[in-house]
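K.L.:
Each chain is listed here by its residues.
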Amino acid sequence: MSLLIEQTLNGVQLALLLFLVAAGLTLVFGIMDFMNLSHGSLFMMGAYFAATFVPMTGSFVLGGLLAIMCTTLLGFAVEAIWLRPLFGRGHLDQVLGTFGLVLFFNDFVRLVWGAAGRTLAVPQMLAGQVSLGPSLTYPVYRLVLIGAGLVVAGGLYLLVQRTKAGMVIRAAASDRDMAGAIGADVTLVSTFVFGLGAALAGLAGLFAAPLLTVQIGMGDNILILTLVIIVIGGLGSVRGAFLAALIVGLIDALGRAYLPELLRLVLSPVAASTAAGALSSVAIYILLAAVLLVKPQGLFPARGAR
Amino acid sequence: MLRSVVSGLAVLGLAAAANAQTNKIKIGYVNTFSGPNAFIGNDEKDGFELALDHLGRKMGNLDVQMIYEDDQIKPEVGRQVTEKLLQSDKVDVVTGYNWSNVLLASVKPAIDAKTFIISGNAGPSQLAGEACSPWFFSASWQNDQTPMALGELLNRRNVKKLFVLAPNYAAGKDMAAGVKKTFKGEVVGEEYTRWPGQVDFSTELSKVRSIKPDAVWVFYPGQAGAQFIQQYSQAGLLGQIPIYSSFTVDALTLPQLKDLALGHVSTQEWVQDLDNPANKKFVGDFRKKYGRYPSYYSAQNYDAAMLIASAVVATGGKLDDKEAFRAALEKADFQSVRGKFRYNTNHFPIQDFYAQEVVKDAQGEFTMKTIGTVFTDMKDVFYEKCPMK
Chain Z
1 MSLLIEQTLN GVQLALLLFL VAAGLTLVFG IMDFMNLSHG SLFMMGAYFA ATFVPMTGSF
61 VLGGLLAIMC TTLLGFAVEA IWLRPLFGRG HLDQVLGTFG LVLFFNDFVR LVWGAAGRTL
121 AVPQMLAGQV SLGPSLTYPV YRLVLIGAGL VVAGGLYLLV QRTKAGMVIR AAASDRDMAG
181 AIGADVTLVS TFVFGLGAAL AGLAGLFAAP LLTVQIGMGD NILILTLVII VIGGLGSVRG
241 AFLAALIVGL IDALGRAYLP ELLRLVLSPV AASTAAGALS SVAIYILLAA VLLVKPQGLF
301 PARGAR
Chain X
1 MLRSVVSGLA VLGLAAAANA QTNKIKIGYV NTFSGPNAFI GNDEKDGFEL ALDHLGRKMG
61 NLDVQMIYED DQIKPEVGRQ VTEKLLQSDK VDVVTGYNWS NVLLASVKPA IDAKTFIISG
121 NAGPSQLAGE ACSPWFFSAS WQNDQTPMAL GELLNRRNVK KLFVLAPNYA AGKDMAAGVK
181 KTFKGEVVGE EYTRWPGQVD FSTELSKVRS IKPDAVWVFY PGQAGAQFIQ QYSQAGLLGQ
241 IPIYSSFTVD ALTLPQLKDL ALGHVSTQEW VQDLDNPANK KFVGDFRKKY GRYPSYYSAQ
301 NYDAAMLIAS AVVATGGKLD DKEAFRAALE KADFQSVRGK FRYNTNHFPI QDFYAQEVVK
361 DAQGEFTMKT IGTVFTDMKD VFYEKCPMK
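For the protein sequence lines, the chains are Z and X, in the order given. Per my numbering, residue 1 is the first one in the first sequence, and the count goes up by one each step. Per my numbering, residue 1 is the first one in the second sequence, and the count goes up by one each step.
Isolated chain Z, as found in the complex (with noise of 0.2 angstroms):
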């Protein structure tokens, strides 16, 4: 029992560290009908300016705000200058163009931090172990990081559903022109969107840095997941991608730990891990696809979307 509530809670924190680059993504996509790739490299560029200032100001804190503030910046810029001239073109162009960017980002770091991948050690406070109940321990960090996503998560909610911004960006995601037309600043709502997906995703980046090592292409790993989120959550919808992650996250993580002991019944250890680790990892796409033929417009879509 006490394995299941660890393995569940394994799923939740993989799901938040998902929906923190998802939410951006999903927010982008809906209002500016733009799809960016490059999206997994701002989560790569947060870990490494992490992994970077962190250990410069000797405090996790002040170097992870140092570490968002450069990803938003570089979320500002890299809008500014490569996805602005994008906006109007078709999703052809728009992949295309940031999936340049991609591989920029790959060799960039590689020029600036080396080949090499870094490491950046837990801060000391959160790096023990806390004890949940009867033989289930758990590590502080990874809890730390589970309540950190919820009220981001809620901060969010609370931003989008409650506030005038977020009504804005609301009526923005379900129709941009209308929203334009009744006299709302829609570029400025793009720029502050692609802003807010920039600081998540370096978030995000920063949470990951202790726990993954921080290594050239870690956010194309995460991008695929991330698109799957979105798509299976509706496109444009904040709730949606939260649910969608839960659900993948979920999914990952129980069906890593619980698939291989079940094949084991009827396969030998190896056979069983190997069909286990693809029936896991297909798992996730086989609910897309389901998605897509049942609900098309994903199964949390933003209100008025057509």
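Hints are computed from structural coordinates only; laboratory data are not their basis. Be aware that one or more of the hints could be misleading.
[Said to hold, decoys possible] Coverage of chain Z stretches by chain X, computed from C-beta distances (three or more under 8 angstroms per stretch; other residues unrestricted):
1) 1-15
2) 124-133
3) 217-230
[Claimed, not checked] For lysine to aspartate or glutamate, the following DMTMM-like pairs were computed, each having C-alpha atoms within a straight-line distance of at most 25 angstroms:
4) X:Lys74 to Z:Asp107
5) X:Lys108 to X:Glu83
6) X:Lys369 to X:Asp46
7) X:Lys74 to Z:Asp220
8) X:Lys160 to Z:Glu261
9) X:Lys212 to Z:Glu261
10) X:Lys184 to Z:Glu261
11) X:Lys161 to Z:Glu261
12) X:Lys180 to Z:Glu261
13) X:Lys181 to Z:Glu261
14) X:Lys340 to X:Asp46
Given the structure is predicted, the values throughout are model-derived calculations rather than measurements. Cβ coordinates follow ideal geometry from the N, Cα and C atoms, glycine included.
Given the structure of chain Z, go ahead and fit chain X onto it with the hints provided.
P.N.:
The following block gives chain X in isolation, referenced to the frame of chain Z:
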């Protein structure tokens, strides 16, 4: 008229080029030079290059021309660049090859082209047994051997219940099979994770915690190893459940792991403090040239270069005489940094395996020290299945 003059010139030019070619040996070198594991490929290249420095960049009377290609850790890319080296560069030897799956994909084109292919690291069981080839030589070991030595070490250390963790690809399965061949206790858990690309091991670590084995054995080469040990420590398992590894904690990951790895014990066919003249020269000059400790990766590639050079010298630089070249390679008449090096019938070395421990040197740098010999003159377990034809 003009055309015939031009073609005449072209023929002369080709003849001159062919003439020039006889004075050099072309070596194709395939390894991983991009992505997070590029540091392995570069370390192996550094070992090979140091050997060339020591040889004066000549093998016998031939100048050495190196052509480096990146396999991106992808079997299909490895095969593609190997074919390119064989067909358009017409290299005399191909070497490098860190990853078993890449090597397995690349070996056939080399055999078909009747070109010697020498592994600097990967040693998949297939090539030691049924699929062995007169054109293939290993300068390293067969995959199962290093973990077999570790399994024996675990017996000596009284480990009864073991949890096994390895990535799900050719070498991961060989390595796990190796540990299980010699380990006499019970394997209480066994996981094979996605490779490459799995970056979070929380699911697997939760299982380890719930099963509570006497020890954990892992095989996570390169960047994944640093990641795994780090997460093992974050999960509070370091110091609680002893962890043993193969090809995971080494000269490449130690600068990242530092204190997390202090006292970590593993097995290897070569350790930087082995007491022989060739090794002293290798380690000393490597540290001088590159400013870091060499790893077994660079040591094996140093040996690979010396092995090729010994065959060139023995055949008087006649690269076309493949039979003589093969016979010379089989003799392995060179000073290995491992002290001794001789070939078994399947073209894999017969060699010793040592237990090693992570220590801090006088300058506070982390490195390995030999703490005992586990196997002497060990042969791999597949050679009897090798028909060698």
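K.L.:
Hint by hint, say whether it matches the structure.
P.N.:
Here is how each hint holds up against the structure:
Note: the segment 1-15 of chain Z has 7 residues with beta-carbon separation from chain X under 8 angstroms; the three-residue rule is met and the coverage holds. Counting residues of the segment 124-133 of chain Z whose C-beta lies closer than 8 angstroms to any C-beta of chain X gives 3; at least three are required, and the coverage claim holds. Under a criterion of three residues with beta carbons nearer than 8 angstroms to beta carbons of chain X, the stated coverage of the segment 217-230 of chain Z is upheld, 3 such residues being counted. A threshold of 25 angstroms between alpha carbons decides the hint, and for Lys74 of chain X with Asp107 of chain Z the separation of about 19 angstroms falls inside it, so the pair holds.
This hinted pair checks out: Lys108 of chain X and Glu83 of chain X have alpha carbons roughly 10 angstroms apart, not beyond 25 angstroms. About 22 angstroms separates the Cα atoms of Lys369 of chain X and Asp46 of chain X, which keeps this hinted pair within 25 angstroms; it holds. For the hint linking Lys74 of chain X to Asp220 of chain Z, the alpha-carbon distance of about 16 angstroms falls within 25 angstroms, and the restraint holds. A distance of roughly 22 angstroms separates the Cα atoms of Lys160 of chain X and Glu261 of chain Z; the hinted pair therefore holds under the 25 angstroms criterion.
Of the pairs offered as hints, the one joining Lys212 of chain X and Glu261 of chain Z holds, with about 17 angstroms between alpha carbons and a cut-off of 25 angstroms not exceeded. Between Lys184 of chain X and Glu261 of chain Z the CA atoms are separated by roughly 24 angstroms; this keeps the pair inside 25 angstroms, and the hint holds. The suggested pairing of Lys161 of chain X with Glu261 of chain Z holds, with an alpha-carbon distance near 19 angstroms, which does not exceed 25 angstroms. Using a Cα cut-off of 25 angstroms, the hinted pair Lys180 of chain X and Glu261 of chain Z holds, with the two alpha carbons roughly 20 angstroms apart.
For the hint linking Lys181 of chain X to Glu261 of chain Z, the alpha-carbon distance of about 23 angstroms falls within 25 angstroms, and the restraint holds. Between Lys340 of chain X and Asp46 of chain X the alpha-carbon distance is near 22 angstroms, which keeps this suggested pair within the 25 angstroms criterion.
Going down the numbered hints, you'll see the structure goes against none, and every one checks out.
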